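Q: Residues per chain, in single letters:
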Amino acid sequence: MTIDSMDPEEVDAADILGSAIERREDPALITGDAEYTDDIQRPGMAHMAVARSQYGHADLEGVDTSAAEEMEGVVATYTHEDLHGEDTPEGGSFSLPTGWLLDSLEQVDHPILADGRVRYQGDAIAVVVAEDRYTARDAAEAVSVDYGRRDAVTDPREALDEGAPALHGEDNVAFDWELGDSDATDEAFESASHTVSIDVENQLLVPNAMEPRAAVADYSPGSGELEVFMTSQNPHLHRLLMSGVIGHPEHKLRIKAPEVGGGFGSKIHHYADEALAAWIAKDLERPVKWTATRTETYVTDAQGRGHRTEAELAMDDDGRITGLRVDTKANLGAYLSTFAPAVPTWLYGTLLSGQYDIPAIHCSVTGAFTNVPPVDAYRGAGRPEASFVVERLAHLGAREVDMDPAEFRRLNFVPADEFPYETQVAVVYDSGDYEKPLDKALEMVDYDSFRERQEQAREEGRYLGIGFSCYIEACGLAPSELAGQLGAQAGLWESSLVRFHPSGTVTAFCGTSGHGQGHATTYAQIVANELGIPYDDVEVVEGDTDEIPHGMGTYGSRSAAVGGSSLVKSSEKLVEKAKEIAAHQLEADPDDIEFEAGEFRLAGAPDRSLGIKEVAEQSYLAHDMPEEMEPGLEATSFYDPDNFVFPFGTHVAVVEVDPDSGEIEFEQYAAVDDVGNQINPKIVEGQIHGGIAQGIGQALYEGAEYDENAQLLTGSMQDYAVPKTYHIPEMETDSTVTESPHNPLGVKGVGEAGTIAAPQAVVNAVADALEPFGVEGIEMPLTAERVWEATNGRATTDGGSPPGEGDDEGGEKR
Amino acid sequence: MTDHEITLTVNGTDHELSVEPRTLLVHALRDELGYTGTNVGCETTTCGACTVHMDGEAVKSCTVLAVQADGERIETVEGLESGDDYHPIQEGFREEHGLQCGYCTPGMMMTATDLLRENPDPSREEIREGLEGNLCRCTGYQNIVNAVENAAAELDEPVADGGEVRWPGGEGE
Ligand code: FES
Ligand code: FES
Numbered sequence: 001m002t003i004d005s006m007d008p009e010e011v012d013a014a015d016i017l018g019s020a021i022e023r024r025e026d027p028a029l030i031t032g033d034a035e036y037t038d039d040i041q042r043p044g045m046a047h048m049a050v051a052r053s054q055y056g057h058a059d060l061e062g063v064d065t066s067a068a069e070e071m072e073g074v075v076a077t078y079t080h081e082d083l084h085g086e087d088t089p090e091g092g093s094f095s096l097p098t099g100w101l102l103d104s105l106e107q108v109d110h111p112i113l114a115d116g117r118v119r120y121q122g123d124a125i126a127v128v129v130a131e132d133r134y135t136a137r138d139a140a141e142a143v144s145v146d147y148g149r150r151d152a153v154t155d156p157r158e159a160l161d162e163g164a165p166a167l168h169g170e171d172n173v174a175f176d177w178e179l180g181d182s183d184a185t186d187e188a189f190e191s192a193s194h195t196v197s198i199d200v201e202n203q204l205l206v207p208n209a210m211e212p213r214a215a216v217a218d219y220s221p222g223s224g225e226l227e228v229f230m231t232s233q234n235p236h237l238h239r240l241l242m243s244g245v246i247g248h249p250e251h252k253l254r255i256k257a258p259e260v261g262g263g264f265g266s267k268i269h270h271y272a273d274e275a276l277a278a279w280i281a282k283d284l285e286r287p288v289k290w291t292a293t294r295t296e297t298y299v300t301d302a303q304g305r306g307h308r309t310e311a312e313l314a315m316d317d318d319g320r321i322t323g324l325r326v327d328t329k330a331n332l333g334a335y336l337s338t339f340a341p342a343v344p345t346w347l348y349g350t351l352l353s354g355q356y357d358i359p360a361i362h363c364s365v366t367g368a369f370t371n372v373p374p375v376d377a378y379r380g381a382g383r384p385e386a387s388f389v390v391e392r393l394a395h396l397g398a399r400e401v402d403m404d405p406a407e408f409r410r411l412n413f414v415p416a417d418e419f420p421y422e423t424q425v426a427v428v429y430d431s432g433d434y435e436k437p438l439d440k441a442l443e444m445v446d447y448d449s450f451r452e453r454q455e456q457a458r459e460e461g462r463y464l465g466i467g468f469s470c471y472i473e474a475c476g477l478a479p480s481e482l483a484g485q486l487g488a489q490a491g492l493w494e495s496s497l498v499r500f501h502p503s504g505t506v507t508a509f510c511g512t513s514g515h516g517q518g519h520a521t522t523y524a525q526i527v528a529n530e531l532g533i534p535y536d537d538v539e540v541v542e543g544d545t546d547e548i549p550h551g552m553g554t555y556g557s558r559s560a561a562v563g564g565s566s567l568v569k570s571s572e573k574l575v576e577k578a579k580e581i582a583a584h585q586l587e588a589d590p591d592d593i594e595f596e597a598g599e600f601r602l603a604g605a606p607d608r609s610l611g612i613k614e615v616a617e618q619s620y621l622a623h624d625m626p627e628e629m630e631p632g633l634e635a636t637s638f639y640d641p642d643n644f645v646f647p648f649g650t651h652v653a654v655v656e657v658d659p660d661s662g663e664i665e666f667e668q669y670a671a672v673d674d675v676g677n678q679i680n681p682k683i684v685e686g687q688i689h690g691g692i693a694q695g696i697g698q699a700l701y702e703g704a705e706y707d708e709n710a711q712l713l714t715g716s717m718q719d720y721a722v723p724k725t726y727h728i729p730e731m732e733t734d735s736t737v738t739e740s741p742h743n744p745l746g747v748k749g750v751g752e753a754g755t756i757a758a759p760q761a762v763v764n765a766v767a768d769a770l771e772p773f774g775v776e777g778i779e780m781p782l783t784a785e786r787v788w789e790a791t792n793g794r795a796t797t798d799g800g801s802p803p804g805e806g807d808d809e810g811g812e813k814r
Numbered sequence: 001m002t003d004h005e006i007t008l009t010v011n012g013t014d015h016e017l018s019v020e021p022r023t024l025l026v027h028a029l030r031d032e033l034g035y036t037g038t039n040v041g042c043e044t045t046t047c048g049a050c051t052v053h054m055d056g057e058a059v060k061s062c063t064v065l066a067v068q069a070d071g072e073r074i075e076t077v078e079g080l081e082s083g084d085d086y087h088p089i090q091e092g093f094r095e096e097h098g099l100q101c102g103y104c105t106p107g108m109m110m111t112a113t114d115l116l117r118e119n120p121d122p123s124r125e126e127i128r129e130g131l132e133g134n135l136c137r138c139t140g141y142q143n144i145v146n147a148v149e150n151a152a153a154e155l156d157e158p159v160a161d162g163g164e165v166r167w168p169g170g171e172g173e
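Protein chains in written order, with UniProt numbering: chain A, 1 to 814; chain B, 1 to 173.
Since the hints were made in silico from the structure, they are not lab data.
Computed from a predicted model, the values in this text were never measured in an experiment.
Honestly, I wouldn't trust all of these hints.
To be verified - A short, non-exhaustive set of chain B residues, derived as facing chain A with CB atoms under 8 Å:
(1) Asn-39
(2) Thr-44
(3) Leu-99
(4) Cys-101
(5) Tyr-103
(6) Cys-104
(7) Thr-105
(8) Cys-136
(9) Cys-138
(10) Gly-140
Just so it is clear, CB atoms sit at the ideal spot from N, CA and C, and this is done for glycine as well.
With the hints as extra help, turn the sequences into a complete structure.
A: Here is the structure:
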């Protein structure tokens, strides 16, 4: 179902919430007016470039910057020894902190310029500053480094083996973590009638936002203010972290995210480069710009996923799931990135119940340091990995008990009347109705006739397959108290300020920070609806720590559920105050005043009314206010939700696989998502599309691959297959609506749904197509070579065997 | 390095500038002349974010040296509008939600206008083929294909005032 967008002018004020209006951010973006970080110029601006490690693991035996310094146009060079905190009372750690702690976490030092040792290719060794971009890069190349090579390890399982080269201490264990009831799970497996297992990799991915990370820093010695424009998903968080790293007081540090060209998680974290640019701008008292090259983004942007997992599912005779056991070795890369410890633990283990009522679950995760860039949140962050495990097992489980895969899932769904539903992995699902999206999706792919078509095709030597993914997603991690118990070193509320101007227009400030999601549009829809004023009278401001009082940022599909709800709360507070002013001026009791469509009316006397804009004007004139009430009309809220919200849905891929060439072609891709109420269905559709594309990218094309020296073999867009136009099929999307009871908008979240859902829909479809060959699964990405190997009996990529010889225990093995 | 004096005609305006022999056209446009609408995603000819028209044809401006463009007519995203009116391709992207973060969009639109000039009525397949050199990480491409179709339909309509549709940098000018 394609959604047509509308001109906001043509939408009735009463219908603005929920309308698929065109985005107000687009005019600047389609004309070239939008300003991204690298577009910013400052008089006297110098350019920074970073000399990085060529090797994955080495001691630095000598770093010589003299050749760089002698180059014409070079302003300064810095190595670890040059970083000092004496300029500021706070000092400065010059090390990047971790924002999430676990009981067993091994905290390690992460200096912003390497201190005698490098642990991944791309680790920063020295910085040069020059008059222009090209000279800075040349000078960075002229930095000469003597390396004492060390052995490297990039796979989390191998990193945990005895004798593996250790990155920090004695071994590479970053943490051991578990969740669920291991005794109950053991029992479930002992009494199971059927079990299936997998041994899979969820490969490392490179986020590849189209805009590379960048920063422009400018320091005013007179005021002591340091202003940093940067590619950020969370300016306030970056301000707090950077303040500690470079020792600059938080109140004199301003972080602004101008237009940001995509993030997908990679612009949440605090990296060395932005901190270096900021500190150096201060040290040199001169504006400094740093923009990553694409090559640098490949070796420095936090990568995603990187799991090695063994998992098994227990079932009874009827095909009911009775237990799930999961053991994962998670790649954390060379250091602990900002939220890294949370991703393979609390954002992963808690989603392992999927859409199913599973009575016993146990999950253990060991985090491993390896010589790859730090691994952290990438679109979905933990939840795609969980959903992949659950839905691959569901595929194999159905096959094992000889049930239709859709009916197997339906049998095991948490029933619609059981919500709120408490899982065995520490979360309570807010609301759900899992059969609805499944039914809709089955209809979209005409499942009734599919099996027959599949049978016929097989007779003709063509291999069609259908793959299901009934996923669960969790957004807006909350409340803050819970986040704290789980180890977050931050609250996960959101804050906003809604301010009427005397002339009757409104500015809404929100602490989230959009970078393509269309917040300026959707937030204005929310606020216009709450205040009953025209959409065009609301301006939305995000992404600037000096303008927006507080904020936690945009990630984890939290903006609508937490930021949007905060805007509702602020608007409600504002209306409360306005109501008292209106009552005073109408000489009535506030309890007798009704507010609707922007008008305060005296109940029972409809001609006695005052519009909210008039009230706003009166509040600033302040000539006739209720006693002891302060002038002005604005309100701030800190919204801290009671719980996560849990979107869900069913994605179905229909593919044809050519066993001779190994090629996979999409016949259909159908997605039915339930993200709760939709503020702007066109934007929701766009988020789903983009998410699916990244999920298909993971399933079929993408993967960070390293050689034995931990050098990235897929370090460019030529070698790492970011999907192109013809790689992504036409997607058919539809939705169901199950409101979340936890927030005033009844919204859930949509930013990551597609990425969570898609990979296993595709892998299951291919496995279904190749069932006659005994293929149970193939490791992602499903390259033609891997598919060919699987179907031609050179089974290095699956546990299957040639047609006719089913393999009960099989799974995916390398 | 000796600098070279070159002339670029960008969106109809002549500019004289001096560049190093190695300066890329995209950096000359962005850093020297301030046409920052054209974005840089890779500098290695793979992403298409930097696509502009040179002498009427779409080129990736990170593969062209500024000195090679000496004397050429360059059209960038800033030149798509005529007066206050959006070009149909801009309208198409807006109406079809063909952009999210917008970073790939200028390059996409410049490639798409070139595509539509050569093939005014492309199939969805042909649109996908025509845009294969442009990467977008946000949209999943479907709405971009819709946007180009939308623009093609719009361009097919006779222009109301009898004037000609303006092709940036192309024959229609
Ligand atoms: S920047 Fe020119 S193709 Fe990517
Ligand atoms: S809209 Fe973000 S890269 Fe295309």
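Q: Now, for every hint given, state plainly whether the structure supports it.
A: Checked hints:
1. A hinted interface residue such as Asn-39 (chain B) counts as satisfied when its beta carbon comes closer than 8 Å to some beta carbon of chain A; here the least separation is about 7 Å, so the hint holds.
2. Taking 8 Å as the C-beta contact cut-off toward chain A, the hint placing Thr-44 (chain B) at the interface holds, the least distance being around 6 Å.
3. A least Cβ separation of about 6 Å between Leu-99 (chain B) and chain A falls short of the 8 Å threshold, and the interface hint therefore holds.
4. For the restraint placing Cys-101 (chain B) at the interface with chain A, the shortest Cβ-Cβ distance is roughly 3 Å, inside the 8 Å limit, so the hint holds.
5. Annotation: interface hint on Tyr-103 (chain B) holds; nearest CB of chain A at approximately 3 Å, less than 8 Å.
6. Satisfaction of the interface hint for Cys-104 (chain B) is found here, the shortest Cβ-Cβ separation to chain A being roughly 5 Å, below the 8 Å cut-off.
7. The interface hint given for Thr-105 (chain B) holds, since its Cβ lies 6 Å from the closest Cβ of chain A, which is under the 8 Å cut-off.
8. Given hint, Cys-136 (chain B) at the interface with chain A, holds; its Cβ is 7 Å from that chain's nearest Cβ, closer than 8 Å.
9. Contact between Cys-138 (chain B) and chain A, as hinted, is supported at the beta carbon level, the nearest pair being about 5 Å apart and thus within 8 Å.
10. At its closest, the beta carbon of Gly-140 (chain B) sits 3 Å from a beta carbon of chain A; the interface hint therefore holds under the 8 Å criterion.
When held up to the earlier numbered hints, the structure conflicts with none and fits them all.
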